[in-house]
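Trainee: Sequential numbering from 0 applies to the sequence shown in numbering that gives the first Met the number 0.
With a straight-line Cα cutoff of 27 Å, these simulated BS3-like cross-link-like pairs (lysine-lysine) come out:
hint, residue 1, residue 2
1, Lys64, Lys129
2, Lys68, Lys126
3, Lys137, Lys68
4, Lys141, Lys68
5, Lys68, Lys124
6, Lys64, Lys86
7, Lys141, Lys126
Now the in silico label distances, taken between C-beta atoms and shown as ranges:
hint, residue 1, residue 2, range
8, Arg83, Asp148, 14 to 24 Å
9, Lys112, Ala161, 41 to 51 Å
10, Arg155, Pro79, 31 to 41 Å
11, Asp148, Lys86, 19 to 29 Å
12, Asp148, Arg100, 13 to 23 Å
13, Arg156, Ala115, 40 to 50 Å
14, Arg100, Glu130, 15 to 25 Å
15, Leu92, Gly128, 18 to 28 Å
For the record, the hints were derived by calculation from the structure and aren't laboratory data.
Don't be surprised by glycine CBs; every beta carbon is placed ideally from N, CA and C.
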Amino acid sequence: MSLKRDCPCLMQSARFTKHSAQGIERSHIRCGRRSRASECMTTSSSIAHRPTETSAADRSFLVVKMLTKYLTSVTTSFSPFNPRSGKTARNFLALLPPNARSTMAISITMLPKAQAATPASLAIKFKDGKEMQLDLEKLRIKDIETEVDRHSRSLRRAEDLAGN
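Just need the whole structure built from these sequences, with the hints factored in.
Mentor: So this is what it looks like as structure tokens:
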């Protein structure tokens, strides 16, 4: 078997995951996409391959968005010349939805090159009044996302229990 060049993930190899009467199902190593053998592999099989339905296991690699419904204010200051903290702040701002400015107050302060050594800061306020001051020098984007989601889930749970 050899790979066709039009495979979407441009993998050089794929691993076997399941044999069935409908053909060999493969899971691409890089992108996690599941496909039938006829989609990206040239085989000598005469079995008629049918398109597969997307199952829950196939959707497990989808990216989950951060819960921003309960944010009221985001204030950040960073230097674009400090690669560690500047990147984290920009990545957090990129996670906010396009309509975020209409639902929350966003304040961004970009520090000049002379203040590149100044640590970056991120302050987040929630609907219940809780304020988070996050240190962007120590935390990574996944850690920040986890902290925000943890409190947002507790607010969502309280809202669901209240029946709103």
